[in-house]
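Asks: Sequence:
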Amino acid sequence: MTTPQRPLKPLGVHTSPRTRNRVWAAFSAGKPAAQIASEEGLPRTLVYGIRTRFAHQDWGVSPQGRGRPSKLTKHDLRRLRARIEEEPSVSIRELQKCAPHVSADTIRRHVVNITKEARKAASAGSKEGNKNTDKGADVPCTDPDYAAKQAASDEATSNNTHNAQAEGDKQQM
Numbered sequence: 001m002t003t004p005q006r007p008l009k010p011l012g013v014h015t016s017p018r019t020r021n022r023v024w025a026a027f028s029a030g031k032p033a034a035q036i037a038s039e040e041g042l043p044r045t046l047v048y049g050i051r052t053r054f055a056h057q058d059w060g061v062s063p064q065g066r067g068r069p070s071k072l073t074k075h076d077l078r079r080l081r082a083r084i085e086e087e088p089s090v091s092i093r094e095l096q097k098c099a100p101h102v103s104a105d106t107i108r109r110h111v112v113n114i115t116k117e118a119r120k121a122a123s124a125g126s127k128e129g130n131k132n133t134d135k136g137a138d139v140p141c142t143d144p145d146y147a148a149k150q151a152a153s154d155e156a157t158s159n160n161t162h163n164a165q166a167e168g169d170k171q172q173m
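FYI, the numbering for the sequence shown is 1 to 173, going by UniProt numbering.
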């Protein structure tokens, strides 16, 4: 002998945002739940649930933040954008110094998005005029030796140009 199965639980009533807003407006106007339920054709318990949700969730809106949060912060993304604008052919390994807490694959994924955005901005900028203003683009990388390396690189570049000018002056004589 087998135990009989339980009957299935009835499906809940789905309400549209408009219906929920009407219910909330009626509650705010002081109508009783039974009257709202009969006018809207909803169960009274659902009307109470809508009221509770609106009261606790800031007007019934679901809280933001669905899904996994990004590994790169907005600050990290600004540094990556600045580094790419400074030197478009920079390697992923060099970019990883701007955000050492994430993998190269993560940086590569974000770089693809950054370059897509830059292309869109460039095409939109050519149509409307150049309005590309990125606040915080001059933020340096977090690499502790970044400033020293940058200064050494700048000094080497300036020495090379001075040496090339000196050689050019010698050849002219």
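For the record, the hints were derived by calculation from the structure and aren't laboratory data.
Careful, some of the hints might be misleading.
Pair ranges (Cβ atoms, derived) [to be verified]: (1) P43 with A121: 34 to 42 Å; (2) R119 with T73: 39 to 47 Å; (3) A121 with R18: 33 to 41 Å; (4) H14 with V112: 33 to 41 Å; (5) R119 with A34: 57 to 65 Å.
Quick caveat: nothing in here was measured; it's all calculated off a predicted structure.
For each residue, glycine too, the CB sits at the ideal point set by N, CA and C.
Asks: None of the hints should be skipped; say for each whether it holds.
Replies: Each hint, compared with the structure:
1. P43 with A121: 34 to 42 Å: 51 Å, violated
2. R119 with T73: 39 to 47 Å: 24 Å, violated
3. A121 with R18: 33 to 41 Å: The hinted range 33 to 41 Å holds for A121 and R18, with Cβ atoms some 37 Å apart.
4. H14 with V112: 33 to 41 Å: About 38 Å separates the Cβ atoms of H14 and V112, which means 33 to 41 Å holds.
5. R119 with A34: 57 to 65 Å: Roughly 59 Å apart at Cβ, these two residues keep to the hinted range, so it holds.
In summary, the structure is inconsistent with hints 1, 2 from the numbered list given earlier, while agreeing with the others.
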